[in-house]
Each structure stands twice: as C-alpha cells, then as structure tokens.
Amino acid sequence: MTNSRLLIKGGRLIDPAQRIDGTMDLLIENGKVAEAGKGLKAAGAEEIDARGKIVSPGFIDLHVHLRSPGQEHKETIATGSRAAVNGGFTTICTMANTDPVVDSTTVVEYLKAQSAKVGLVNILPYAAVTIGLKGETLTEMGELQQAGVVGFSDDGAPIMNAGVMRRALEYSRLTGLPILAHCEDKNLTGNGVVHEGLTAARLGLAGMPAEAETVMIARDLLLAQATGGRLHIAHVSTAQGVELIRAAKAKGVPVTAEVAPHHLTLTEEKLAGYDPCFKMNPPLRTSADLKALREGLQDGTLDAVATDHAPHSVVEKESELAHAPFGVIGLETAFSVLFSSLAEKGLLDLSTLIAALTIRPAQILGIDRGRLQPGAPADVAILDPEAEWTVEAKALVSKATNSPFLGWRLKGLVTDVVVGGRQVLCNRQFVHGALSR
Amino acid sequence: MTTPTPWNRKDLLTLEELSREEILLLLDQAKAFQEVSLRSVKKVPALRGKTVALCFFEPSTRTRTSFELAAKRLSADILQIQPASSSLVKGETMLDTARNIEAMQVDILVLRHNASGIPMRVARAIAPSVVNAGDGSHEHPTQGLVDLFTIREKKEKIEGLNVLIVGDILHSRVARSDLWGLTKLGARVTVCGPPTLVPQTMEALGARVSYNLQEELPKADVLIALRLQMERQQEKYIPSLREYTKLYGVDREKLRLARPDLVVMHPGPVNRGLELSADVADGPQSVILEQVTNGIAVRMAVLYLVTVANARHPEAPQGPKDLGFEGEIPRPTPRSAIKMASE
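Taken in order, these protein sequences are the chains called A and B.
Per the numbering used here, the first sequence starts with residue 3, numbered consecutively.
Per the numbering used here, the second sequence starts with residue 3, numbered consecutively.
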C-alpha cells in the first residue's frame, strides 16, 4: 500500500503550519506527502474525491488513556485506535497510568509491539515521571527516551512533592521531552467529585475548588521558570489557570498547555442529573471559565486541544456519582463538537482549531507530523463540514460509551483518514485489512 | 371521588423541585392524616394491598421507624431491606437492587443512601414510586416537610418568619431541604456556623450566611440546630468540638438572647451537650419530640400522594379507584392562605 500513489482531489486544503487554506489537490507517494497544488495529475494513482470537504493534516491527540496493559475491559489498543481513526486522529499519545504503570522499558516495548500489531494509527507512549506514579522516585527517563517515549506524565496522580517535580523538570533539560503535568493539589480536592461551586452546593456533592488546579499550575510554572525544564500543562480547566499560563509565556517560561473539548463546551450545571458521564478530573467548571478557555485557545495561550479520552465500562459509570471513576471519552467527538460549537458559530477560527489539533501538538512533541509539507508523513483527515450526525452510544467504536455528548446533534464529520499514505477510513467505513495487518 | 389535586409526581425526591402549591398540599394532607394516629385503631386502608419497600443503605432508626409506622397506618405491606454492611454496597448494585425490587411488584421504594443523587437516578430507572429518605449531603425532603409542618403548627404561618439554621450546613441534607421549603413558603432563612462548614454559595441558594450565632439569635423566630457529624471532625473542618460548642452550641445562656417565643428544633438524634445542651433540648421552647410525632403524619401524606399519582399514571396497571376505600381516607382541608387552582 505504502508504495502506491494517492491523490486527494478538489478539497479545501487547510494546513495551518504552511498557512495554506484553499482548494488544492494533495498527492501522496510512498507514504509521504509529495505535492500540494491545483490540478495535480498522477497516472495510476488511487483517487479520493474531496470536493466540498476539508483536507487537514491528521489530528494528533496529546492525551489519551488506552488502558492497556491491565484494564482492557475499558479499552484496548485496537478499539482505542479505531476510535481515534473515527475522530480523524492519526497520532495519539498514551498515558502511563496503566497496570503495570509505564515506568520501565519493558512496558514500553510491550506497548510498541502491541501497537505495531494493531497498526492503525501512530501510537506514541508517554512514560511515568515517577516509579509506580508514586510521586517519589524518577523513572529512568534517559533510557525510556531511547525506548521511544515522547514525554513523561503522572497523569491522574499529581506529583504533590514540589521537590520531586523540580527534579523532573531539571532532568527534562537532558531529554528535551515535555513533563505533562496534571495540576491538582490533592489536599484541596480531597474527596471532591465536582467543581466546588453553586452546583456542588445545590446537589450536596463534595467540591473540587478551582484553586486545587491554579495553585499547582502556579507552582509548576515557577519551577519551570527556575529550572528551564519543559513543562506542559494538561487539561487546563480554570480561567485563572489560563491567566497564569499567559503571564508565564509572556515572561518566556518554556511552557505549553492543552485544553479538552468538554471543558470548552460544558459547565458544572450538567451535573444536575448526577450522571457520572459528566464526572471528570478536572471537573466541569463555570461559564466564566469556559469563556476564558475559549479565549485562551484563540489567542494561543492554550496551544493544543487534547481529548483526555478516558474510557470506563458501563458498570463502573453506573455506580453512584461519588464512587464512579473520573473521565469521559472524547476521540470520536472532539472535532465535530468543537467544529459545531465553536468554529461554525464564529467563536473560534477554523484554522486555529485545526492548528490546535495538528501542528501545535506536533511542535510540543517535537515530531515531524501535523503538517502536509512535501516529505512529511502522509497523515490526513478528510472532513465533511456539511454532514450532520447525532452522537449515539451504539455507533461509537470505542469500547466505552461514557461520552458527555450523547444525544448531541453535531455538524462536521470525519469521512476519510489516511495514515502514512495508507487509507484506513474510506467514506466512514474502515478499509478492509486496515484493522488486522 | 378524588379531590382535584395538583399533585402529579410519582416520586418525592427533593423540595427544590416542588412548587409552593405542591408543598402546601403535602402539608395539608399531613394535617388531615394527623388525627389517624390519635385514634384507638390507628389505621386507614388508603394503601391496602400496596407494598412499601424500606431500603436503607445507611444506618437510620428514626426515619426508618417513622416511615414504617406511616406505611402501617396506611395499611400497606412492608418490606425491610437492610444490607448487612452498607459500606460495601456500591452504586453499581444499587440500580440492580432497585430493578429487582421493581420486579417483585413493589409499589413504593423508600430509599436512604449515603451518596447524593442515588434516589434521582433510581427514580428515572424504575416505575414504582421512589421516596427519598435522605441522600448523602443533598436532600432529606420528608424531614424538611416535617420541619415546615411543625413550624406551621407552632407559629400558624411560615411566611415572614426568621428561621435560623445552625451547624454543619455544608454536609447537611436537612439544611438544604429546609432551605428550599422555607424560602418557597416565604420565610427568611439564615444559615449559621463556622465558615468551613457554611459555604458562601448558600447565599446564591437564597440563604443569608452568618458566622455569629449570638448576633443572629435575637432576630430568630425559629432555630433549627443540626447534628454535628462526629466523623467529620477527622477531616479537620473545625479546630475542636470544644470550640464548636462554645461558639455554636445552643445552651440556656445563649438562649437568653433569644425571643421568649423562639421555637427550638432539631432533626435528631441530638448530640447532647454539643449542638444543644440537655436543658435546651428538653426545655419549654423545644419541639423536638413534636417533630418526631409529626413525622408520621407527614410521611403518611407523602406515601399516599405519590401512590395516587403513580396509579393515575397512564402506564400504571390500575386506576385510582383500585386503591379502594376512597371514602374513608381523611381529606385535606386547605388551611393555607393561597387559593388552590380550581382547574
């Protein structure tokens, strides 16, 4: 397949990295982008008719929980990969909070082997910052980098010890890889389950105050400034968090940040029915936070959109809100939700949205993807901006259905996906053979 | 003959969602049931042939007993479901348990759970009526109704009264139900306690927030003291029980600041010497035992009205007449100032 030629004809090519936005053909040869231009011809090439559609670099998700190894009842590499493709993602980065934790090269090798077996999308693993996510001893970051990890994160188990975080950031000067921080002061969140605000007071639920996030963002920004380490703030959810990051960037602190689709579109009021499909960490916050996050994404304070795809089984999510696990899935709905709720309504530039899903995360990882320049790996997502669809549990290909967007009517649909020059999704159908190579 | 009634809910889940009219109807129905407990034969056949499951996933004596007596005085059959160890009962089995109870053709599920929101989710999942007997820190609607009923008995009205709720507001389901009920009926509510246990957000829910009991006592017509949950002390919300009692414990000394006609209430059980001194709990201004007595009539009203509403539901297998003995059921005499909608 990768030796063949593929011509994507007549689409609206949007490649923010090259500042391209116009009707153009895209020629792919030997798994790489060959050329973009008008009226391209390629004898013997397979063709995709993209008229009326948007042709974008394949999306890159900085924050995915694939649950493998150890929690395959929630998601597997195969089902998570399919979910990624369904949402236009060609590269996904996997979090280390698996069982066993990704804190040794052995587990990294296992992940790489399993990912190669599935072979649907590019799976780039993170390793833990500390052994066993305990927040005590740093993992062997140098060796893990050689084994192929693209960053380090104790996501889900925030590093409470500032000394450990400082060492991790210092050490990142050796690897150059980002430390992805889940900013949460556990002493402030305690047994909280939702944002500490009006909804928590009404519903009688233990709250997680905004300061639990902002205190840690402030700490980590100061540590990044002091050490020159590579800090990436995961899933920013607070207005004040955005402010702190904006100020730090203005001072030249080496920090990047991501925001999740659910924090850009939903607020704490959604918890009124006690539905655990709206329970995640950080929690849904207020409309003022939502507004600040949108502004932060538009002005570049928040670099990337990352889903924090966190699959859980129906049984786990059926338990009472206080005991149900945190997290929602997001791979299959991310683009459509943000396209419908923000881009279509003029609240966010389409090119900014696509950049946040492509070139910006690629730059954070330092990988040669997320753009359609000649010579780059041919990862492409083709999107139908007019198609409308409804999010239904039974139509999701993820193993999990814990989406906060069930029932939403969305505009904008991923129709075709190309990974490394190989078409894996064709007109909403998985290409035969793409699943079990 | 059924009286025209605005009560159309198959469940009683919160006071927040009820209208003023619905609350008044419940109180009026409770008033009508009050005399049943004074008869030598304390029984009416209102729920004969109906099964009430008392499902308490958290220890409770008072509320469970009150519901049990209420159901018995309505001639219902009672099913007690008490998990051996409530702490082991997780929500994933909760919906399962509820579906099983439904499959046994139970008509009403009275549900107590230590997690906020469980009765709402169960009510959405099953056809029988669900009565919230207290969920986590969320609501305790029947206790709220008992408090409203008791205040109305004592003060003849609720509108315009100053009601002072003292204690751990943050974790109190009684405080939330009281607040919704009292404000809907026109009372002014002040919540008072240490700042760590009185969230500022209560202001947005319609209460005044105060940290100074001595300042508030002279203005109050009604004082509701809440039980301080000893286990919360482990979470360090307050420096010590000693300081709490000194600042917020209601004793005879502090009561000197209050009006002579102040009514003192407590949802029970009282930590004597902590939130209330023994002489106040047993004193002339205390109506704590009347609250307990009123609880039965209030819960009879709740069980009765949700059953009638559920039977009237188009999908229900029976019509209201199948309830039987309609003529013998005490009818409410609306004593509220507001006019019931005639249609």
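Any given hint could turn out to be false.
[Stated by the list, open to error] Once the Cα atoms are required to be at most 30 Å apart in a straight line, the calculated DSSO-like pairs of lysine-lysine come out as:
1. B/Lys-159 x A/Lys-188
2. B/Lys-12 x A/Lys-272
3. B/Lys-44 x A/Lys-136
4. A/Lys-272 x B/Lys-186
5. B/Lys-12 x B/Lys-44
6. B/Lys-159 x B/Lys-45
7. A/Lys-11 x A/Lys-40
By construction, these hints were calculated from the structure, which means they are not laboratory data.
Predicted model, so just to flag it, every value in this text is computed and none were measured.
Looking back at the hints listed earlier, which ones does the structure fail to meet? Failing hints, ascending: 1 and 3.
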